[in-house]
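Chemist: Residues per chain are reported as follows:
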Amino acid sequence: MEIRPILSALLRNKTGPILVAMQVALSLAILANALHIVSERRDVAARPSGLLDEASTFYFSVRNLSQDTPEQMLATIKRELEVLRAVPGVVSAAQVSQMPMSQSGGTTSVAADFRQQRESGYASTYFTGDSMVKTLGLKLVEGRDFLPHEIPEVNERTNAEVPKLVILTKPLADKLWPGAPAVGKTMYFGTGDGASGAQVVGVVESLMSAHAELGDTGVSSLIMPARQYGQGGAMYALRSEPGQRERVMQEAEQALRKASATPLILRTKTVEEDRKDRYRADTALSWMLVTVSVLLLLITCSGIVGMASLWVNQRRKQIGVRRALGARKLDILRYFIVENVMITSAGVAGGVLLGVGLNALLVSRLEMTRLPLSYLLAGAIVFWAIGILSAYGPAWRAASISPALATRST
Amino acid sequence: MFAYYFKLGLRNLRRNPALTALMVLILAVGVAASVSTLAILHVMSGDPIPSKSERLFVPFVDNGQPEDGAANEEPEDMQLSYQDAMNLLRQHPAERATAMFGTGMPVEPPRKDIPAFQAYGLAPTRDFFAMFEVPFLHGQPWTAEDEARGANVVVLNRTVAEKLYGDADPVGQRLTMKGEPFTVVGVLGDWNPMPRYYKLIGSGPATGEEFMIPLATAVRKELTPYGSVNCSQTRDPGYASLLASECTWVQAWFETRSASERADLQSFLDNYASEQRKLGRLKRNAPNRLFDVMEWMEQRKVVGNDTRLSAWLAFGFLVLCLVNTVGLLLAKFSARASEVGIRRALGASRREIFQQFLVETGVIGLAGGLLGLLLAFGALALIGMQSRSMAAMARMDWEMLGMTFVISVCAALVAGLLPTWRACQVTPAIQLKSQ
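Just so you know, the sequences run in chain order A and B.
Mind the numbering: the first sequence is residues 1 to 410 in our numbering, read in order.
Mind the numbering: the second sequence is residues 1 to 435 in our numbering, read in order.
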């Protein structure tokens, strides 16, 4: 292992090695940070919504153009639900006020005790006139769902009553009462003497909020019982048999339109579409980062191969002399591989430092998260491997140079 | 000599096709990445109304609860309550002012073959059109009397007008919206400020609002505000209590005659706030703010972190491509050592060799720029597939086109400095000897 001769040869002609080391360092720094961001975004976009069968769940937003009294609107809602439940293939239908990941919905502050100074957190507020737990297929881990007689009919224009019962998601329950069962406890909407409270009847494992925010708020939701009417329209969530969503969507829409005396404005959305829309920007960024990473690797590879080929060409005579003096092909090969590993190692060392620096910059200026060292380590290993593999081709060509070259004068 | 070197440079592109192609490609990819992200950044952070951006202001008075957070913490929602907006509109000293909120109404088209649909619109006051220089294709904004009465008048955007009435001028026609007949008084021309800076909170559709009705009309018809409604206290149900409450859902703008009147506007706002405090409102005692157009866009983080990340990443990528190009250029020029030796022996000075190779590098830069431009268009198209609002942003204008070539040539020149300098150092004697 002739490290000293290799090192002194490199130091004599520094430009090429420095260029390669710089490329490796830059690529490693950018790659580690980029892949870390990709992995984070993918985790965010893959967060479960809590629904049993996302692919079969969809919802209608219906607006009626007729000028009804509030009581007529209530009757229309009940009638529309019956029509929907009669469509073959519908497992369950429920009136809801908002849907998870739809980017449209209400949030409220919540507190475990109204005497608190500040609220315990925020939660997304879902109202349902039927069983949202059954329709969305949410998993109850404590307590029970609302009973039909517990669901009041609420005229939104005149009735300000806050429901007295609530179902929470487990993360929210754990935040309000860590370690203790939540069923039976009272949760408050905000703090202060005027804050109203509701009793917890059940806890579901998870339900993503309507805006699917990052962090705690995205997984803190509450469901309250209320059949809301009076605004001239309603939202219905439906779950179809697996694999039958498209057909059921069409038939349900036709059934609703047929059952209505006046024209309806109907908007259909599936939960899958909502998920795609919500994470569109993150997905696009991930793809861009992946593309850039692949290009980075390709360019660095080509840089290493190019440089190695150039040196081989420049040192043909020297290699020929060595071979003539008795060096085996393996010795030449080993020389070039070791040389390349040394350059790549210098690049990797620089890259690790640069990567940490770049990450610090991203954290402070762009609100990104810290890079775990495992990414830099994995990146270092990848670039070592690339360095060796890229140098192999030119090194083998060098080894194949015939000793006769040494005796030629040109 | 420059033209000669240029021709030489072009010819030498063909010399070593594989190496040159690789060099041009790598440079093009780096340039494409930088230019496409830069173009998006340029659109997002550009001044949407340069003639007025220093004279248009968004006022903000904080009517939250004292316990909502420290007084110097900026609240998430910076809209105004209905009361504050109306008071400011009535009492302001500025030349023009407007308040608005987003809303929606079902539209029943006059033609039976088009089904009823839900339209998304804006409810501003009359001055909106003059303040934001909104172009009209037909008709004009509603009159002051229409506004005072809360009359059923509507201005449609071009797309909706064409959808309902084709190419005919619909001014004067009746349109049924939310069950009542509205008179069309105008049709907007193409108006696509990027971003839609006039309403950054709870923004409407990316292609623009479909209709505009007077604020007074929307309030009279009790239309639900779309977008963000933020209530720091509980309120009674019903529209009247929404208007009287401290819920914030209205956005307002002032226009002054010149940027120097900002201080007057600020003192007006401060006086208004202290009057309101005497009445028991605005308990948070937070500073009252004024933002001009660019400051408002900055406050609302129009250029998000992701966009900035993309731009930084693209430039890092360009630097990598540059370093790679330096290596490739070194390789390319070192093969021409004998040619340089002959030129020098014939009397060329080092400076002339430097010029020749620098021009050649510039030619490579131009070629890279050309290919990079094509790739950048492709990249922008790909980025635009993300969403409709992104598609509107991912465009190249003449400035960016020129910028592509500037970046490409400059990058190539910077990359070429070291190899060119090396090429000049060739000693003629050694090169001639080895023949």
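Warning: the hint list may mix true and false statements.
Below, simulated BS3-like cross-link-like pairs (lysine-lysine); rule was C-alpha separation at most 25 Å, straight line [said to hold, decoys possible]: (1) B:Lys-163 with B:Lys-112; (2) B:Lys-283 with A:Lys-78; (3) A:Lys-269 with A:Lys-317; (4) B:Lys-433 with A:Lys-258; (5) A:Lys-317 with B:Lys-433; (6) A:Lys-139 with A:Lys-276; (7) A:Lys-269 with B:Lys-7; (8) B:Lys-112 with B:Lys-199.
Treat the hints as calculated values from the structure; they're not laboratory data.
Chemist: A separate judgement is required for each hint: does it hold in the structure or not?
Modeler: Right, here's what the structure says about each hint:
no., hint, result
1, B:Lys-163 with B:Lys-112, "holds, 13 Å"
2, B:Lys-283 with A:Lys-78, "violated, 45 Å"
3, A:Lys-269 with A:Lys-317, "violated, 72 Å"
4, B:Lys-433 with A:Lys-258, "violated, 96 Å"
5, A:Lys-317 with B:Lys-433, "holds, 17 Å"
6, A:Lys-139 with A:Lys-276, "holds, 23 Å"
7, A:Lys-269 with B:Lys-7, "violated, 61 Å"
8, B:Lys-112 with B:Lys-199, "violated, 34 Å"
Taken one by one, the earlier hints fail for this structure at numbers 2, 3, 4, 7, 8, listed in ascending order.
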